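Taken in sequence, the protein lines are chains A and B. Mapping of the first sequence onto the numbering used here: position 164 corresponds to residue 164, and the numbering continues sequentially without gaps. Mapping of the second sequence onto the numbering used here: position 308 corresponds to residue 475, and the numbering continues sequentially without gaps.
By construction, these hints were calculated from the structure, which means they are not laboratory data. Among the clues, some could well be false.
[Claimed, not checked] Not everything, but these chain B residues come out facing chain A in the computed CB check (under 8 Å):
id: 1; residue: PHE179
id: 2; residue: SER181
id: 3; residue: GLU184
id: 4; residue: GLN185
id: 5; residue: GLU189
id: 6; residue: ALA214
id: 7; residue: ASP215
[Unchecked claim] Derived DEER-like restraints, expressed as beta-carbon distance ranges:
id: 8; chain 1: A; residue 1: SER96; chain 2: B; residue 2: GLN476; range: 53 to 61 Å
id: 9; chain 1: A; residue 1: PRO150; chain 2: B; residue 2: ARG922; range: 28 to 36 Å
id: 10; chain 1: B; residue 1: THR385; chain 2: A; residue 2: SER129; range: 31 to 39 Å
id: 11; chain 1: A; residue 1: GLU86; chain 2: B; residue 2: GLU191; range: 26 to 34 Å
id: 12; chain 1: A; residue 1: SER96; chain 2: B; residue 2: SER181; range: 22 to 30 Å
id: 13; chain 1: B; residue 1: GLU480; chain 2: A; residue 2: ALA131; range: 14 to 22 Å
id: 14; chain 1: A; residue 1: GLU86; chain 2: B; residue 2: ALA484; range: 47 to 55 Å
id: 15; chain 1: B; residue 1: ARG355; chain 2: A; residue 2: SER129; range: 52 to 60 Å
id: 16; chain 1: A; residue 1: GLU85; chain 2: B; residue 2: GLY388; range: 21 to 29 Å
id: 17; chain 1: B; residue 1: SER514; chain 2: A; residue 2: SER129; range: 33 to 41 Å
A quick note: this is a predicted structure, and the numbers were derived from the prediction, not measured. For glycine and all other residues, C-beta sits at the position ideal for the given N, C-alpha and C.
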Amino acid sequence: MASARMRLERPDHTLQPTALVGELYLRLVAAKLTDWKDREHFYRFCARAMRSILTDHARARLRAKRRVELALPPTEDIRWLGSREEDAFDLDRALSRLEEFDPRKAKIIELRVYLSCTAEETAGILHLSKATVDRDMRLACAWLCRELRPEVALPGRAAKSHPVEGT
Amino acid sequence: MDQHWRRVEELFHSALEQSDAERETWLASQAGFDPAVREEVQSLLAADRRHGELSARTAVDRQDEAADETSSDSAPGAGQCFGPYRTERLLGSGGMGAVYLARRADGQFDQTVALKVMAPHLAREEFARSFRNERQLLASLAHPHIARLLDGGVAPGGDPYLVMEYIEGQLWNRYCADRKLPVDARIRLFLQVCEAVEFAHRNLIVHGDLKPANILVTADGTVKLLDFGTAKLVHDPEGRVTQFASLTPRYASPEQLRGERVNTLSDVFSLGVILYESLTGAWPFGDPESTAGTVDRALHGREAGAPAQALSEGAAAERSASRDRLRRQLQGDLSTILLKMLESEPSRRYGSVREVKEDLERFCQGRPVQARPHTAWYTARRFAARNWPAVLATGLSVVALTSLTIVSVYQSAQARAQAARAQRVSEFAKNTFLSATSSWASPLHGKHDAIQFRDILDNASTRLGQELGTDPAAEADLRSTLGVTYAVLGEPAQGEAQLLLGLQLVPRIPRGGPRIAADLYANLCDARAFQGHYADALAACRQAVALYRVIDHGVLGSVLHDSAYMAVNAGEPLADAESMYREARRFPRTNQPAFAAVNDSRLGMLRLRQGDLAGGERILLDAERVLRGNGEPMVELVPVLYARAFAEDVRGRYGEAVRLMSEALDLVTRKRAAFMEPDERALQLAAYEALAGNRNALSRLRDVEQRLSYTAVAPVDRIRHHLFAGMVEARCGSRVAAEQHLRAALATQEKEMNRQPDLSVEIYVRLVELLRASGREEEAAAHARQGLLAAARAYGSYFAGHPFVVEMQNSLKPRR
């Protein structure tokens, strides 16, 4: 496992997300997965696994002294995402909430953030039009921004954390 | 999606269609919507604005960063000597290094040359060795379209350099663009490129990094290829790219992206990308920036898009043609040629550059080309697009089989055993992933699909023994991977358990046991170090070193480095660790760019700790120079700065120590390198701040103490913590607390790290200072004597004149 060694060598314990994606894909190739229903399923699996790796990592970091650092990959159109250390963790929680009332937008964000898919690629994978993806992104980004970067609450206009509340 | 959210979405998008000025009033007038909906939309619109602002701000930051990088990327100027050459002016610089116009300065010949100084992160020793091996071959590469390699070496300053024929010309892209060359002219020019590459291939040299930036065209239209064979200088003997950074993914073939052997067919592919881009103005595979795209290309061989459809905006005008004409030109034979060069499966490409050249010549003469758009294949591809997964699987096994056959022919039975093992491992991984993901096959709703990666690991580790029980090698290999993955994901203890299970299997492995055992021990060392168990980590690492000494010198350097690092943290005598670092230098690694400098910086720190301030600083300054590079410094610079700050602290230059620590911590933040222990090091910064008289030190200490949620396991960490906290408390907090901290540090040192007496010297110095400040002269004197004894043990011949020694000696002189 020379590759694993390379990653862990002191002093540079960095594990870059791209390297991680590579690792993940190589696992999948090694597994010669034959039962993927379709492209969407495959990509969603990868995005899911990436999300899981990054979130696990963020959680572990909050808990203990860590030597390996993983960060969210920079995402086109959501450039502020990842600029705070807690983003990796918060994003996962926010996405879990979003999944409950708008799974499609959650899928889109997952592909765009964790696999760095472009809007076009996302549209292709999910069998949506690019316009739909763009439209969904606009609202999803606003929603995410409200969740992860809440404005300092103004009197009478406190940010709601959950749109389903009270309905 | 519930009713509320659907209404919110509807209103949100309608509101966005209104002008900024009218939006508020418009929204208020939408009485058809529930107030709750309107309120929610209002807050989302505010968030949308904030999202826009934040994105813009980040974009500006990034631009600034980029600007900083280019401006600081100024390589040293003219007048430097490299062997017999003296540089005159900078011609250009890039990721691989800087290129100068230079002249032979020894008066033997008057010759103008291009001198390329390789980026310092290319390991020097490795470079020198490859260069010696390759120079004969490269020097023989005399061709009118190839820039001759004249000389090369390593400058006394340590920078590797190459000397090439100097060519006055323009880069390929610029040359074509300036002249708005039409398609046929570009192809004719490209034929010269093909000739050069073909010639090199005949001489058994593969370029490996063909790209437009490596092609020059002189004013009279002669093509000259640069950097031939030099890509190989940074490749390992197997021809694999060991340093991914030196590869340009944009022009790399899928097999190169996968890190496989580079061969002549990889060059065919790269040539295809260059020609495609030159003719269409677009990259053949969509968006070159997309990670998913690159990975997709590496693994599934994404096929190139039809060139006529890929035309960039303005492509026609830049090629002196109308859009329709250009599109027509790019259909038919030319498209067939391009797509055949760009086949992701090497066996489907042209078999050689010669065939490419001949087809392009036929095309230029209007004769039928050899390449055919295979209708059968085309149909098959359409089929594949529809039945993607099944074809993928078959395709992969075909590839796997071919490469296995080749391996078996050339290598021993051991290779076959490994291949069989690889297959078993794949089978196992397949089952694991599939069973873990079966629940994801259902539409992804609700919480049940929130499978954690760790669940997959747990699943894998429980099933391992049952399913691979008959194949100890495969099982041990997988346990090794699992162990390391657990460790990375923050469960080092679980990782350790897997690795120990793996080690139990080693005696039963018939072939290749030592290699697997070595990897297991090396990973075990990491898993234990993550837990702060340095002595145990050292024991594992020693086993790894012993095995790698026999089986693989390629990784020996880094394992020795690790060993030394563990020894230092485990409290072994520093001289032992030093000799390991020194030995590690003899086995540099090509795929660890900064390895030599990092290893040296550790060595420098050890010199400092053994009292050799001047020697240590010299080593550290050298390492610093390498790691700062020409632009943005590498994150590996951080430990060097930590060490230099320590040296300044010893010399009593606290302001300087604060400056260095601050720079280091800034770098950690900028690179988000949390693994560099910023919290622990903030303590060190606070200590120096306190000594420099900065009152903020105490609040920094309190701040960090709150954040440090763990309890340090390793004695070495506890000692540092107490020492730094004691230093801050002594100057700006409570003397009682300070004394407690310092005494705790001393007790830990005596009990657990007494073979590193230098650790106690600084504690004594601070304790003496504290006691004297409290007027406890006798106790201070007793401690000063103890400290001097420790210093004598720690510094040996560097004892006399050492600042700490002088300070304690002074404290023994009667006060006036």
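Structure-based check of each hint:
1. PHE179: holds, 6 Å
2. SER181: violated, 12 Å
3. GLU184: violated, 12 Å
4. GLN185: This hint is violated: B:GLN185 lies away from chain A, its Cβ roughly 14 Å from the closest one there, beyond 8 Å.
5. GLU189: violated, 19 Å
6. ALA214: holds, 4 Å
7. ASP215: holds, 4 Å
8. A:SER96 - B:GLN476: 53 to 61 Å: violated, 40 Å
9. A:PRO150 - B:ARG922: 28 to 36 Å: violated, 53 Å
10. B:THR385 - A:SER129: 31 to 39 Å: Distance hint for B:THR385, A:SER129 is violated at roughly 49 Å.
11. A:GLU86 - B:GLU191: 26 to 34 Å: At roughly 33 Å between Cβ atoms, B:GLU191 and A:GLU86 fall inside 26 to 34 Å, so the hint holds.
12. A:SER96 - B:SER181: 22 to 30 Å: holds, 29 Å
13. B:GLU480 - A:ALA131: 14 to 22 Å: holds, 21 Å
14. A:GLU86 - B:ALA484: 47 to 55 Å: Check passed, 50 Å falls within 47 to 55 Å.
15. B:ARG355 - A:SER129: 52 to 60 Å: violated, 43 Å
16. A:GLU85 - B:GLY388: 21 to 29 Å: violated, 55 Å
17. B:SER514 - A:SER129: 33 to 41 Å: Given a distance of about 37 Å, which is inside 33 to 41 Å, the answer is holds.
The earlier numbered hints that this structure contradicts are 2, 3, 4, 5, 8, 9, 10, 15, 16.
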